[in-house]
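Student: Listed below are the residues making up each chain.
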Amino acid sequence: MLGWELPPHNSGGLGIACYQLCKTLSRRDIDIEFIVPYSADHGIDFMTVSAATPQGVKSISQSGFTYDSFKYTLEDGSELWLSMHDQQARYEQAVAELAATREFDIIHAHDWLTFRAALRVKQQKNCPLIAHVHSVESDRAGSKHGNPLVQEIEALGLTMADRIIAVSQHTKRAIMDDYDIPGDKIDVVYNSIDPKDMEPLDSQNVYRYLSLMKSLGYRVVVNVGRLTIQKGLPNLLQAAQLVLQKAPKTLFLIVGSGEQYYELIRQAAALGIGEYVLFTDFQRGKNWRDAFAIGDLFVLPSVSEPFGLTPLEAIGYGTPALISRQSGVSEVLRNCLRVDFWDVQEMANQIASVMQSDELRDELWSNAYKEYVQLTWERAADKMKTVYERHLATEGA
Amino acid sequence: MNKAIVLYLHVHQPYRIRHYTIFDAGHRHDYFDSAYEDDTSNERILRKVVEKCYLPTNQHLLKLLNENPQFKLSLSITGTVLEQLERWAPEALKSFQDLVSTGRVEIVGETYHHSLAFFYSRSEFEMQVDMHRRKVEALFGQTPRVFRNTELAYNNDLAYWADQMGYKGILAEGWDPVLQWRSPNFVYQPTYTENLRLLMKNYHLSDDIAFRFGDSNWAEYPLTADKFSHWISEDPTGTNINLFMDYETFGEHQWHESGIFDFLAHLPKEWLKTEGHSFMTLSEAIDSFEPVGYIDTPQTVTWADTERDLSAWLGNPMQSTAIESLYKLQPKILEAGDLALIEDWRRLQTSDHFYYMCTKWFNDGDIHAYFSPYPSPYEGYMNFMNAYRDLQSRLIEKGVTV
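Those protein sequences? They're chains A and B, same order as listed.
Under my numbering, the first sequence has 89 at position 89, and the numbering climbs by one with no breaks.
So the mapping is simple: my numbering equals the position in the second sequence, first residue as 1, plus 397.
What the hints contain is simulated information worked out from the structure, not anything from laboratory work.
Using N, Cα and C, we set each Cβ at its ideal position, and we do this for glycine too.
It is possible that part of the hints are untrue.
To give a feel for the contact side, a few chain B residues facing chain A, derived at Cβ under 7 Å [claimed, not checked]:
#1 I419
#2 Q456
#3 L459
#4 G712
#5 N713
#6 M715
#7 S722
#8 T756
#9 Y775
#10 Y778
Non-contacting residues of chain B with respect to chain A, defined by C-beta distances greater than 10 Å in every case (computed) [as the list claims (entries may be wrong)]:
#11 F420
#12 D436
#13 E488
#14 Y589
#15 H627
#16 P714
#17 S717
#18 T718
Where chain B lies over chain A, by a calculated footprint (3+ residues, C-beta under 8 Å) [what the hints assert, rightly or not]:
#19 268-276
#20 353-364
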């Protein structure tokens, strides 16, 4: 398998989805070697994790998140900073060298970042390529007009792939619309969550201020995610202004970082609601978990969300969710509120309803939680294995 | 052997609340006025039901009444559906009046607004029963002598009330824990009453028609009038077979294509073929048969779901909050003396609103989903609570503290 990240060195949902899928597949007698473009200790024992490191490089480390630069430390001790494109080219080269020394049946490549390498190996080894799409460029760009270089790689990778896996019907439709790929080449394998793997909460929530305000009758709306155009945060802030007119004891907690960070802070101030919107920057661990837990409602206002794990995490930590209809996760979760991302008025209406009614919050959550505890990666792994077997059978014949 | 089918059909449509937001509350009071093309449009739904169900069914029933002098039935029709028929489908209202004018159709009393007021406010309950009586007298020239409470919600207190009010009969679900070893096919008397008689729904036979009729996976599918009559004849016990169901069974819950109208058209002839078989109205059954025993019902039973209780309406905290908030407004609403405000408050009492908030998806959830105009129970609750907030703001504007 070719991937770009695995936890704990992940920036978001992609790494977690890869980790969980592989872990569940490994229990089905599938032998996986997972190749990432950096060297680090992942503490993983159910599969081999290899670093695709070009010769002459001693180590590679990620400076931040997926889309940031990589630092290469060369044998001679000098350092080299590479952009994502340079890094991709090096990854392709390194994967090809690694693959030459390995025996395997299938290449399974996660997202466009790995597609060039995957095509190279397919050419080299002549074995089936399964392209797993966690998001397409138009999702990430928030419109049809994404980065043409990325779209070129996606078009090529998806056209050449023997089979495509999409993480939702939403993503399947996007692949068909954006790249003219026939639907019968695409299987939907939903992401999931493994409740057993969720780190439990401890008694004291780290957001003391919010706990205090809640004891005074305030209620909290929370969003956790990258602050990027795809996530639709400006609409949430506009809705927040409307909510505050009807439910003035509402606070908004925005956890994450991204290129819209300062823009969103400015927007909140300009809307006159700066006092009620709290930005925390990117958080991990307890700060991250407690953000879900302190909320009365989690809002995912995404413009386009291939899957969207955060609402499920919120439910796991005790908070129900309002999800944009343009999100894949709304295909698997029944007990949630739904709104079109552009419908700011309705978003505000639904948020206000929850802020004004603990009964609605509690009923929504308790029913969602019943769905949540039944979620596993087992069905995804079963479906994935069926796809593998079909290709191996074809090869054999 | 003498045996009567007591067929009783319940006709009801609520005033559904449109998509009504917190930004509407205090500005617009038109909760019940959806755009015609919306799922919540009362006019559109009524016209559809009139077309698919009320007109064809009444046409069949009238024909049966004309062709079979022994055919009889009973109907309950809520005030909220009568109003809608008067407004949007007077021809359908007339078709009900035509049935009643044959003299062989009995109209049953109930609350005008199809509410659960009995459990929250006795004075409001009695007001709505009285409103319904007057409406039935005006439109059908009959005074109800038999009572049914909304959703057939029944207990000893209700029976006591009906007895005191002078009703001769009352209806309830023939639920096994209440009947225990006894059969629903007799006339009973509720405990603690003097003159009241109790007729209990035979839910096995009623549900064969109302729920299972069109189910091709059912072992008895397809159900014919011949087979059905035969089943009832074979049962050696009982004097009166109480077939109680929603009127909308015919053409709406069971579509025309299922053959339900053919079943209805053939049932009287098949049943009346045998000597001693008859049809009776509720009152006739009460007059014809002596009660065979007392029925004690300390706990409320209804005709809904596998639980036969009120949990489909009041089972979750959203539902209980919504209904309790609404009844808390009663003294202020009545005091304010604004008829439009009072009427809106009453329309919000219709039990359907609380049914739409039911979250019991996983067992009998399909039925709930089918009868709801909203995408989820949460939408139902949000719309309702915003309408409730509008009632509050109208009171505040009149200088009433809420």
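Student: All hints, please: hold or fail.
Tutor: Each hint, compared with the structure:
no. : hint    : verdict
1   : I419    : 5 Å, holds
2   : Q456    : 41 Å, violated
3   : L459    : 44 Å, violated
4   : G712    : 10 Å, violated
5   : N713    : 5 Å, holds
6   : M715    : 5 Å, holds
7   : S722    : 10 Å, violated
8   : T756    : 5 Å, holds
9   : Y775    : 6 Å, holds
10  : Y778    : 6 Å, holds
11  : F420    : 6 Å, violated
12  : D436    : 15 Å, holds
13  : E488    : 38 Å, holds
14  : Y589    : 36 Å, holds
15  : H627    : 43 Å, holds
16  : P714    : 4 Å, violated
17  : S717    : 8 Å, violated
18  : T718    : 5 Å, violated
19  : 268-276 : violated (count 0)
20  : 353-364 : holds (count 8)
This entry does not satisfy hints 2, 3, 4, 7, 11, 16, 17, 18 and 19, going by the numbered hints stated previously.
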